[in-house]
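Engineer: Taken in sequence, the protein lines are chains X and Y. Taking numbering that gives the first Met the number 0, I'd label the letters of the first sequence as residues 0 to 109. Taking numbering that gives the first Met the number 0, I'd label the letters of the second sequence as residues 0 to 109.
Calculated directly from the structure, the hints in this document are not laboratory data. A virtual CB, placed ideally from N, CA and C, is assigned to each residue, including glycine. Just so you know, nobody snuck in bad clues.
Between beta-carbon pairs, the in silico distance windows are:
| hint | chain 1 | residue 1 | chain 2 | residue 2 | range |
| --- | --- | --- | --- | --- | --- |
| 1 | X | Ala50 | Y | Arg43 | 46 to 56 angstroms |
| 2 | Y | Gly49 | X | Gly53 | 41 to 51 angstroms |
| 3 | X | Asp80 | Y | Gln59 | 48 to 58 angstroms |
| 4 | X | Gly81 | Y | Glu94 | 41 to 51 angstroms |
| 5 | Y | Arg43 | X | Arg70 | 30 to 40 angstroms |
There are 2 protein chains.
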Amino acid sequence: MSPKCCPAPPPIDPNVDPDEELARYAKALGHPARVKILRFLLEREDCMAGAISGELPLAQSTVSQHLKVLRESGLIHGEVDGTRICYCADADRIERLQGLLDGLTSFVQA
Amino acid sequence: MSPKCCPAPPPIDPNVDPDEELARYAKALGHPARVKILRFLLEREDCMAGAISGELPLAQSTVSQHLKVLRESGLIHGEVDGTRICYCADADRIERLQGLLDGLTSFVQA
DNA sequence: CGGTTATATCGTACTTCTACGAAATTCGAA
DNA sequence: TTCGAATTTCGTAGAAGTACGATATAACCG
Numbered sequence: 000m001s002p003k004c005c006p007a008p009p010p011i012d013p014n015v016d017p018d019e020e021l022a023r024y025a026k027a028l029g030h031p032a033r034v035k036i037l038r039f040l041l042e043r044e045d046c047m048a049g050a051i052s053g054e055l056p057l058a059q060s061t062v063s064q065h066l067k068v069l070r071e072s073g074l075i076h077g078e079v080d081g082t083r084i085c086y087c088a089d090a091d092r093i094e095r096l097q098g099l100l101d102g103l104t105s106f107v108q109a
Numbered sequence: 000m001s002p003k004c005c006p007a008p009p010p011i012d013p014n015v016d017p018d019e020e021l022a023r024y025a026k027a028l029g030h031p032a033r034v035k036i037l038r039f040l041l042e043r044e045d046c047m048a049g050a051i052s053g054e055l056p057l058a059q060s061t062v063s064q065h066l067k068v069l070r071e072s073g074l075i076h077g078e079v080d081g082t083r084i085c086y087c088a089d090a091d092r093i094e095r096l097q098g099l100l101d102g103l104t105s106f107v108q109a
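Work out the full structure, taking the sequences as your base and the hints as a guide.
Structural biologist: Right, dumping it as structure tokens:
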């Protein structure tokens, strides 16, 4: 069970073209800083706040922007915990991204 | 064996940070048109040229630009075949993308 | 050779991204 | 209530992405 962050899974819109959905996740992952953030959150599956800023050679406000992009893609989410904000990766969404990618190649015979 | 396109696999630079490499592939896939192009090329594993343009509601020059982005990411490549150009998806690169993504989550216990 | 076809490249306009510092917000502590 | 800390949001500047039409290129066909 997760800590106090990682609340309700965000709604997965069923009306979206899978290619568009895949593109949205891919776009969110399309910057090295965001990949690093996601990795960081996955490695401690516990949630983390501005500790992420300390890990990256970027201004804190820039990291906050990257977090927002990831949040809006659904790949991570955060919950307020006092003064801090507790972020974590959304495993379901990441699995979905993997599934969409696998779906692309499912036509190819091995 | 592949048709007359799909030549030598492009060099995979070993000195690249995996997070940067993943971000590069993800960025290339970060537009719906490019996902559709890749799907198109995967579904007919045979190579295709400007037939792709006909599949998308975009100007031919725009599709050509998207093809260039995919080409530069290594996810597809093309080879001249007379007047036309024969494109195809690079299965190795796509597998590599899947592997990099899996690597991200390999810390998470199921 | 000149024309046609398939494709890339150029020039351009507009939008979006990336990054920063400064300011606003929100909560907990003194 | 005032202070300080953790974050987001705002404003802004420059870089990159997206799309189009027009133009260039290169190969085949007559």
